[in-house]
Amino acid sequence: HLQDGRYSDANTAEARILKETTAQQMHSTLYTPDPRLLGTTYGFFDFSDNGQRTIGHSGGSDPIHSLLLLLPDENLGVFVAYNSEGGSDLILQHLGFQRAFFDHYYPAPAVKPIQPPANFAERAGRFEGSYRLTGGEPGTSYTTLEKFAGLLGTVTISDSGDGTLLFKNPWDEWRFVEVKPLYFRQVDGPFHILFREDDQGRITHMFTDYTPMFAFERLRWYETPAFNMALVLGCILMFVSMITAVLLRFIRNRRKSGYRNPAPRGARAAYWIIGGISVLNLLFVIGTVLWGNPVPLFGVSMIFRIVLGVGVLAAVLTVGALIYSALAWKNSYWGIAARVHYTLVTVAALAFVWFLNYWNLLGWRF
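When we follow our numbering, the leftmost residue of the sequence shown carries the number 134, and every step to the right adds one.
Fair warning: there could be bad hints in the mix.
[Said to hold, decoys possible] Under the rule of at most 27 Å between Cα atoms (straight-line distance), these lysine-lysine pairs were calculated in the DSS-like manner:
1. Lys313 - Lys301
2. Lys313 - Lys245
3. Lys301 - Lys245
Please keep in mind that the hints were generated in silico from the structure rather than gathered at the bench.
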């Protein structure tokens, strides 16, 4: 690339792999969501750093990762590869190896201070929220179980309270100050972010030249990690409470000599169904933690296919729990407290079915 498509070495006569015009076009920015942001080329991304125009590309799969950086104006190229754990952190654009390389050989120019607008606090709230990557990364699928990975890599924008926005990702956090409407610059660095709004003035997307290859879409409240974590934890607590109640009831009855359960058959069936649902859902959670890689490299394992089947069985039984919940109130099964508990666990089971379905974990969606 630094020879505009020509190739030669001591043992090979000069050969042309690419036309000169093609190679030069591959070095030119061909798309950017806004001229003020870094963009993409054919096959490369604009990784400009510390005032040096840089194009590059990174990639890999554990444990192999690599990074290519080209500085056409300096006639310089760097390629590094790692074949050990932790390599993925070293090839992150503007971080890892790239950060060490540019800070050593091309120290950053001084960043001119900029003062936040005096009235920014009045509109900071419209930008706050969680954002996820769109296109090409784990969690950007809308139809397969990889959608679930979107919960693990979101970016959060919040009001820092000093007239700036706090940009927080899984690796670091930075503060940005408004330069123009919807356009922000990093307080103590070179990066910029740009927001996009719809016809009604609602913020829908965010772009940054830290990751010029991706856009970020704003999450709805029920898509945020905080909401989903609270939902799952709440469901788990309800399932554990029901398993505990069923076991205590069973132990109590077994200890009574000659005891014969006077409860109607429907009441007994209701308890066994909701208890079974609780056990199955907990097994699903445990199985997903142990074997449920949301971005499987070599396909979905057989054991996780079985785990997904457990989720389907629990969802089917939840229909029965919903019916028995209504019968429990109609036929006055148990006392008020037990009926309320049964209903709450049934609601938790329904919420868990929604969670599985929304994140494509209900069934075999891969």
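Hints versus structure:
no., hint, verdict
1, Lys313 - Lys301, "holds (21 Å)"
2, Lys313 - Lys245, "holds (16 Å)"
3, Lys301 - Lys245, "holds (23 Å)"
Of the numbered hints stated above, none is contradicted by the structure.
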